[in-house]
Every structure is written in C-alpha cells, then in structure tokens.
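Number of protein chains: 4
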Amino acid sequence: MNKKLNIGVIGLGRLGSLYAGYCANRLSGANLVAVSDVREAVAQEQAELLDVSRWYKNYQDLLDDKEVDAILVVTPTSLHKAVVIDAARAGKAIFCEKPLSLSVDECLEIKGVIEQTGAFFQMGFMRRFDSAYVAAKQKIEDGVIGKRVQYKSTSRDRNRPSLEFLKPEHSGGLFVDMGIHDFDIARWLMGEVKSVYTVAGVLAYPEMKEIGDVDNAIVNMYFENGTLGAIDLSRNAIYGYDIHAEILGTEGTLQLGYLRETPIQVMKENDISHDTVPGFYERFEKAYIDQLDNFVENVLHEREPAITANDGIAALNIALAATRSYQENKPVELYEREGGV
Amino acid sequence: MNKKLNIGVIGLGRLGSLYAGYCANRLSGANLVAVSDVREAVAQEQAELLDVSRWYKNYQDLLDDKEVDAILVVTPTSLHKAVVIDAARAGKAIFCEKPLSLSVDECLEIKGVIEQTGAFFQMGFMRRFDSAYVAAKQKIEDGVIGKRVQYKSTSRDRNRPSLEFLKPEHSGGLFVDMGIHDFDIARWLMGEVKSVYTVAGVLAYPEMKEIGDVDNAIVNMYFENGTLGAIDLSRNAIYGYDIHAEILGTEGTLQLGYLRETPIQVMKENDISHDTVPGFYERFEKAYIDQLDNFVENVLHEREPAITANDGIAALNIALAATRSYQENKPVELYEREGGV
Amino acid sequence: MNKKLNIGVIGLGRLGSLYAGYCANRLSGANLVAVSDVREAVAQEQAELLDVSRWYKNYQDLLDDKEVDAILVVTPTSLHKAVVIDAARAGKAIFCEKPLSLSVDECLEIKGVIEQTGAFFQMGFMRRFDSAYVAAKQKIEDGVIGKRVQYKSTSRDRNRPSLEFLKPEHSGGLFVDMGIHDFDIARWLMGEVKSVYTVAGVLAYPEMKEIGDVDNAIVNMYFENGTLGAIDLSRNAIYGYDIHAEILGTEGTLQLGYLRETPIQVMKENDISHDTVPGFYERFEKAYIDQLDNFVENVLHEREPAITANDGIAALNIALAATRSYQENKPVELYEREGGV
Amino acid sequence: MNKKLNIGVIGLGRLGSLYAGYCANRLSGANLVAVSDVREAVAQEQAELLDVSRWYKNYQDLLDDKEVDAILVVTPTSLHKAVVIDAARAGKAIFCEKPLSLSVDECLEIKGVIEQTGAFFQMGFMRRFDSAYVAAKQKIEDGVIGKRVQYKSTSRDRNRPSLEFLKPEHSGGLFVDMGIHDFDIARWLMGEVKSVYTVAGVLAYPEMKEIGDVDNAIVNMYFENGTLGAIDLSRNAIYGYDIHAEILGTEGTLQLGYLRETPIQVMKENDISHDTVPGFYERFEKAYIDQLDNFVENVLHEREPAITANDGIAALNIALAATRSYQENKPVELYEREGGV
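Chains as they are written, first to last, in this note's numbering: chain A, 38 to 378; chain B, 38 to 378; chain C, 38 to 378; chain D, 38 to 378.
Excised from the complex, chain A in its bound form (with noise of 0.2 angstroms):
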C-alpha cells in the first residue's frame, strides 16, 4: 500500500468536526493523526471518538508534531492568517477553508509568506467538486453550450445562524461568509469580475441592523469578457437549503442544483408535494471529501493545487466590492483597488 498522508485538523466547530471525521473514515490516502482545538475538552473528545492520540489545545503545538504532514485551517477566519503563515513556515502542507482573510491586505501578506516559504496551500470552495459543478465546467470546456452569455446563481439559507455568528466583524457579512462561493463559482464558470452592483436589505430579520449586516442581496456584474452575471443571497428561504446556478450561452443552457432530499412524492387532494434539502452537510457530503481527497492527492503526488490563495483573494475582492457597492449605491469596479490582484 502507498504512503499515507498524515492529517492535523486545527479548529473543531461545526465543519471541522466533519472534516476530522472525513479524515479519519473517508479518505483512501490519508490518516487522521492531531486534531487541535482552544476548547481542549473539544479537542480531547474528538480526538477519542475518531481513535486519534494526540490532541492540543494549542495549534502550534500541531504544528510542531513532527507526524503531521498536512493541516486542514478550519479556525474561525480571524485566525487563518496566524494558523497558514506558521504552518507555511513549519513545511506543513495547508488547506485552508473559505474564505481565506476578511481583508485583502491579510491575504497578501499569507500569499507572500507561502511563496516565500514555497509550501503547498491550497483553498476551500467545495462547490468546485460538486458532481454538478464538475459537469458544467466540463460541458463548458467541450462548446456544449457555445459562447457564454449570463451566469446566474442563487445562495439561500432556511433561516438566519446566530446573531453571534453572523456578526460582520466575524464573518465578513453576507457577501463574503454566504456569496463568496457564487463569486468562487463564477470566476471559475466565466472569468473574471469586472464590476458590481449590488441591492440589498433588511427585508426578513429586523435585528440584523443591530449587527450591520442585510439579510437579503442581488449582485448584478459584468464579467471582463463582456458577459453578464447576477447573483442572488437570503437568509430566509425557509422552505430549505438552495444553491442552484445556471449558465446561459448561445447554444444551450446549464441549469444546476436540485431541492428534493427525500425521494419520495406525496400526493394528497389537488396537492403533489415533496421535501427538501435541510442544510450544506446533505447537500454537499461527497463535495467535502471529494475535496479533501483532492488535496491529499494534489500534495502525495506534488501536483499543482487545484485552488490557490490568488482565488482566494480573488474571491474576496468580489465580495467586498459587492459590499462597497451597496453601502455606496454605485457601481463598483474591481480595479479600483489599489495594488488589485
């Protein structure tokens, strides 16, 4: 049997949690060796229940695990700079999850230290190994569907996370933590932003104001190829998790994404009805660890990441140009920044 990569994952929230278990049970080419969390019960108990020995409440301590040859950065996104720019120095191979900074300026600083430092980083946007995205790139890439004319894609959560959470200062507000990956997406289906412009409010959940955050937004944006993009974002679909994308080109259309999770149909008196996807986890279980598989592969047999830090960055230039554009009600030129990626 081939070398195993040997995995630390450093932060156990929600997803870390999962992707732990991915390591540990999902992937072929990779064993799951430290998990590190500051809540060290956290760290323990995990540790216990996926059969891993080691566990460190202080990530650095991870780092200096001489058995570990790759992290997962599932921090919250504040610590991301602090986590990758150690790792990249202590040669750990790094994934790390979206978005890479809330600033641009921290994402140039981490780019600058993994060039420097030359280790392997690759990105998360899990939608890029979505069976369906997959497709659509391909079918692109084969002239199935002609020249691309509009992009278009929908990011709906049932109903708002915590107040906590959501708060702007943690997670870059609804353009960076909910649309980055319409943006990720976008850029990958058709290039480059050139511009945005954004509408957007408080239309379902009045406390958002409180936090400085709107809950509902639509994006509209050129792409530099002079092709047409919208993207639309709520927190209040409520009748379940909807992510669907669609590609117009000038012979044919891509439409992606589906909404039933349970395939079973009742049918009451003038009434068909069906359920719906619940969250992110069922309808993006084989993305995750086709990602993280992905990554194993990419560093096992130094290959190229599929996703870098420039996406990163990218990304996030997008969101926050959608942010600028409705807090300034104008359209908003990606260029426009200075030193722009």
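Bear in mind the hints are in silico, worked out from the structure with no lab data behind them. Where a beta carbon is used, it is the ideal one built from N, C-alpha and C, also for glycine. Careful, some of the hints might be misleading.
Chain C stretches covered by chain D per the calculated footprint, using a threshold of three residues with CB under 8 angstroms from any CB of chain D [as the list claims (entries may be wrong)]:
hint, segment
1, 275-284
2, 293-307
3, 312-323
Partial chain B-side listing against chain C, Cβ under 10 angstroms, derived [said to hold, decoys possible]:
hint, residue
4, 167
5, 171
6, 281
7, 298
8, 305
Dock chains B, C and D against the given chain A, drawing on the hints supplied.
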C-alpha cells in the same frame, strides 16, 4: 373558402355539449347545424347558446335533416346501436364516441350495417390524438426505443362518479367504461392482445358492491407478439386525474403523461408542492378537438377513418375479457370468444 | 341570450390575426364584426377566413362603423397614439396591446384624451391573466409567503426576431419590447419600482450592434418598499421559449413557469429528455383569450378596466430607465423623470 | 467509548467488498476484524486494503476466530445454508444477504438451527432502510394515505449481468434474484400475499433462453387483505437503474424513487435532458450502510432483528410462486405450498 362539413350532434350530456361547442367554434372545417337530445329543453338551450337554428327531441328528425352531412353520436352507450345504424342508413358520416357498445354482438351488428351501407364511420378514442400519444406512436415507428418489451398504463379518476352513472348496465363497468381507453392504446402501440388476467376489488367505495362493479383493478396481459402489458385502474386517486403510460423497449423507454395543472410551485417550510390536473376536460381538451378535426377532414377529403369499428370491437373485446378474468379468477384468452374478431 | 360586444380589430399582424380569431370563435361575450389593416388584401383575407362581412384598409373607416362597439389596437406601436386617440374620440371602448407607446410623452397625451373623453381603455399585459400569475397574486394576498422580499423573473426567446422587427425605433429595444412584461408583473406583484441598474450587451448576435440594441441584459432594482428585484432577458435561449418568475417571501416562495410542451419523456442510454415550449402562442394562448374575455366583460358590465393607461405608462417608464441605466452605466432613479407619473 | 462489535465478512465479491469497506470505515459501532474468501488472494488483498490483520480462505477458520463477534454472509446464495448454520452453532451474530436460499426447504432448515441455537439472525433487504421506503412506511402508519388499495413497484437494471451470474441455479432466476426486493417491500408495506399471476418472456436477450430464464416479467397479485399489487421487472432498462414504487390509498398516494444522478440539466435546442442513476451502489449506498448500522446496533443492544428469517422465507416463497405461475401460466395461491410458512 372550401366547403365546410355540416354537423349534427346527437346526445347533449357533458361530453355531447362539449363536442357541440367544439363544432360551433373550434373546427375550421365544420359548422354545427343541428343538435338533438331526448330532453328537448336541453337541446333548445344548447342550440340557442351556440347560435344553431335547429334542435330536435328525436334523433330521427335530425337524421332526416338534409342540411346535416355528418353526425356525432354522444348518447348513452345503450343507444349507440340504434343511432349508428339509422344514421348509416340515412347516409350520414358518423363519429361514434367510445365504447361502441356494451356487447360484441351489438358491435358486430353495427359493423355489418356500416359495411353494407358503405357509411363513413369513425370511432372516438381521443387519447390517440393527444400530443403525447401521437409522439409516442411516431417515436416507436422511428425505432427510438428499439423492440417493444413492456406496456404499462394507468387511468385514475379523482373519485367515483355517481352510482347511477357507474351501473354496469349503463357504463359497462370499470373495464369497459374506463379501461377501454388503455386497451385501445395498448393495441395501437403494441399490437393485438392475446390474453389477460385481472385482479380487482371493491377497496375504496363499499357501495360499489351494490351495483356489482369494482373500483380498483390491475390487468396484466400477453400481446400476441409475446410482449407484456399491465394496466391499472382506480376510481379513487383523490390527488387528481392521472392518466399515464409507459412503453419499455430494448433501446429506450417512453413515459407519457403529466400531473400539474397550474404552472406554479408553492414552497413552504420543508415542502414544495403543486396542484394537479382535475379532470378529463382539462387533460384532453386539445385531443378532443383534434379528434373531431381529424374526423371532419377525413370526411371532407374522403380519407379512411382514423379509427374503425373494428378498433371499437377489439378494445371492447379486451375489456370484456378482463371483466371475465376477474369474475372467474383465471387468465382469459382473447381468441376464446367464438366468432372473435 | 345577453347582448354581445361587437368588436373591430385594427392591425392584423401575427398577434392581431390571433386576436381576431379569438374574437370570432373563442369569446362567448363578443362578435367580431370588422377588421382593418393597411394591407387591404390581408384585411380582406382575414375577414373571409373569419366570416366577417366588413374589412377596411383605413382604420378611420372602422372607427366610423356604427356597428363597432369596441376595438382592439394591435398595430405597430408607433401608431398606437393616433389610433387610440381617434378611437376614444369616436366613443369606442379600447383595448390596446403593450407597449402603450415608445415615449412617455406620447403616453401622457393618450392618457389625457382618455380622461377627457371618458373612453373605456384597457391595456394588454396578458401575463396577468395566466393561471400561474393569477395564482401567485392570490397567494401573496392570502399571506402564503408572508412578507415579500425578492422578485426574480426571466424572459427568453429561442432566438432573435428579424432585425427589421427589432429596430429600437420600432420595437423600443429589448427593455421596452420584451422586458416590459417583466416590469409590469414586478409592479403588479411587488409594488412600485424605485430604481434600476442594468448590465447588458451584444453577446450572441453581433449584428444587433448595427441596429443599436442589445441581446442580453440583467436589470436589478429596488422597489419603493425596500424589496429587491432582478430581471434577466435574452434573445438566445435556443432551448425554448422560457418565461419564469419567482417571489421569495419571509414565509415561503412561489415559482412560476414551465418548460415542457409535449407530455412525454424519452429515456435513452443515461439520458432522460423532453421537448420545450416553442413560443408565446403555445405558452400564453389561454391567457390571451382570458385577457380579451376580461376586456369584453368589463365593457359589457361597465366595470373598471383591469389594467389602465397608468399601468402602461409605469411599465414603460421602468423600461426606459433600464435602457438609460445601461447606456450611462449607473443606477437610475425612477422619480428622476420630470413630471414622472 | 462503548464497546464496538467485531465483525467478520464472509464472501468478498462485489457486494461483500463493499460491506467490508463499510464495516471498516462507515459504522461507528463496529470494527472489521477479519475477512474470508475462497479466493485467498482476494481475502488478503481486501484485508490489506482495509488494514485488517486476519484473512481466511476457509470461512470455518473465521468462525473459529474468537475475536469475531458477528459475521456478514455475502457468499453466493448456494453457500448460505452451510455458512449460516455453522455460524449459528459457533455462536456468532449473523447478518445474511438476500436471498436466504434458493429453496424453501433449505430456508426452513436454516430457520430451525437459528431457533435451536438462539443465534441472532438478521436478513438483508436494504430497501427497507432507504429513506424513501422508511418515509413511506411511516406515512402509511400515520394514516397519510388512508386505507391501502394498490401497490406497484418496478425494478430495472440497465442491462443484463453475465450469463454465468444469471444462471437460475446460481441466481434463482429473475423473480428470486431481482424480484425478491419488490416482494419483500410488498409484504412490508401491504401485508401478506395471497396469490400471484405472472406474465414473462425472453424479449431483449435471446441468449437468456439458453440458461432457462426470462428477462422481463410482470407479476400481479392479491394480498390477503384483498388489496392489489403489480410488480414489473426488466433486465434491459438501458436508460438507467430504475427502482420505484407506488402505494395508492383511499386518501392519498405515495411515489418512491428517483432517476437523476448528477444535479445538472442540459438544455439544448428543443431538448432538456439529464443523466440517470447508474446502479445499485449509487442508489442505495446509504441504505446499505444504515442496514449494517441497524444490525450492529441490534446486536450490541440485544434488540430484536429488524428483518427475520421468516421474512426471508416469505419473500422467497412469493418469488418461487411467481416463477411457477409463469411456467404453468396460471394464478398460484401462496398457501398451496405444503408446510407453507
């Protein structure tokens, strides 16, 4: 402008009134010139509503009307024999709604007179004119599904009609009244039926026992070419009027039918729902019109009838065999009937 | 039988001919008594086809016809002003196809004469009579989706009409010709529009540049009540005629539209497929008829018009703002127009 | 952490290898501790792949292994009797893949030893653990569809397995190998079967005649409670792996199943299409895991087995009756078997 066909409608029940309206307004090649119904007030009312100058209580008077080129027979089935035979002798072109009769002997008598008089005669089986069935027929002939292997079809009413209507002596019972459409399509798309076996019962409406009919049934069958079929019938779909069919082949499959009436989805908490087709009128309006249009064109251009008395007899024959199979709980061969068609 | 409304149809292009046919055959409360078209042969041909005794080359002659109670204005848009004003002065009830005019000034002139003469005037926006839109309006009013939050709608043609038809001086351009339906529904379901921002381009048909119009566009918008909207338009859907809409609320969401024309699925190796709605006639035939039926009933029973000149002006106003937003690449406020409605 | 169940897997064919992988990685309550296969190299390879220290050529050696608490029997069906009986006598908890055996006599022998030894024994019918079937069972029990009236189910493979696999002496033939899932679900959702009547034939693969089996069949049935059923089977769906079912009741209907694998629609000229579920693994992966999870939990917590030997016998009994009905072309009553279960 070309000559139009002058049509008289005999029988102004629910379907007869629809047909009269279609003749008056929807058929470019026909005029409605007369109507008749034993309920004279009904005849008069329809005539006025449709701006027709002549109405008759007695269908014989309509047949004596020299202005009438062609008639639609939409009376209760028990009168079909008398009306069709009289019309054939009166030299009218005849369209007769299904079923041709409730007994094969009567059918043969009708057929004899049609042949003897040379009258133009066309059976009514509107499904053959529905766009889905037309497309299926064409695709089968074009080889899209390769060799045919299985035929499945379903007919379901939302709930039972009145007991008076359902009495087998009037309606012919579930297999003749409702199943005959499925048997006709089975023959049309697959070939002649060799044998049938029926399971059936009174499962939803106990009062059906009083009139001596069942409310649910499944008939499976061998076709003479060795292929297989299954038809299920229900008076209690509740959710909507559901007519669908499937033809499974060696290189593909066709599925026919649809359920949603209004093109709107209502998305509530963990529930996506839509309404349903309420009844035969909404589902098959265009097929009814196209069927009459076809009759008119065939008469005007002296073409062969699209559906013949033989088709009416063959479908009835299967329906009666299915009935007998249920009663005797054994497979029934179609050729068993002496003098079988 | 009640009195019927005697209708004259002015303009016998594609839609005008359809309307004339509906008046002749499909409206229980109306008679078609006259038609006019500048192409006299066309007028005569339609009159004969529909069994109407009077046809006119000059619409004024039709307006002078004492038998005519009401007219449908289905001429090129550039003639709407003259015909509507003359008809109002001639005391006819008026139905005018969208758009009311290509300029707001002309609209205001028309509106002035309507008010002055007291003529019955109803605008044509057939989507408001489609069963999906009717259901959506009702469900919103019933509180099914709670508070409205986002409106999205899509209009796509399979491919572009002739350049001659598309010339902005005739059609008004993409936003006036095609988008006006979406703008009207936006107002009807969400409320007045406050501002718009448009991204657009010539992306599929380079020859559109010659006539000075775009072939794809996305308009996002604030409504005056703070809710959000996005409308996307395309001349090159290729796959089919696709009209759909969505209203997202705080307690539910409504999705309107459908794509399959023939109720058959073709299932081949690893491929399930179906056809699509080809065009506006197939998609909206019933809505067109219901719209005319509503006009007839409103006139006969002296009810208020369902859709007014103000509705025509407001939708045009948004379409013109969307056009200007594209041209100037900035958000445009609707109230910016002096003397705005 | 609680004690885990130590599992040995006997038989490492396609399904056995999957099961071994699930035990190694996907069941939180179990460890895979040993595997066996008559092909020793296969056993060794799987053991190494799954990081298991013990592999056996001879299943008896695995049964002698004191570390093994429970076994999964995934051998060819012809070996089920020997393995299950030996395992029962060795005191192991037993999970046995369907069908229990190819003859009722062998089944009864197995059942006798299970009862005599008191061994824990659970049959494998994974559909009972699929979310759609679980939901259907619950909804029926909750009264959602009122009284049950009809049961319909369909099982279709894309194309036939190898003739070697299909030989009735190995597979049991179409009704035992494939239909047994439908018969089991029929019993589970509707109640005991009273009689069956089968139509069947070699319609797609002429070479099936050589091995003495059919490739297409439709079985209709009476349940003992008077309700009706129909099951259709095909080896040549071509379009995809299609498993669906329907339960029609007096107050509603349930439809189970789905066809699309990748959540993307491709929209080309007058054609909307999507791909299909390729096979049992993609369709039922989660059900397989949930089924093993259930077995593990039942053993660990000393609960009753979810599916018993009697269930295995009853489903086999129906499958054999369906086979005989085809061979003798007559309805077959289930109680006809002497000593019937």
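Okay, the hints, checked on the actual structure:
no. : hint    : in the structure
1   : 275-284 : holds (count 3)
2   : 293-307 : holds (count 6)
3   : 312-323 : holds (count 3)
4   : 167     : holds (8 angstroms)
5   : 171     : holds (9 angstroms)
6   : 281     : holds (8 angstroms)
7   : 298     : holds (8 angstroms)
8   : 305     : holds (5 angstroms)
Violated hints: none; the structure is consistent with every hint.
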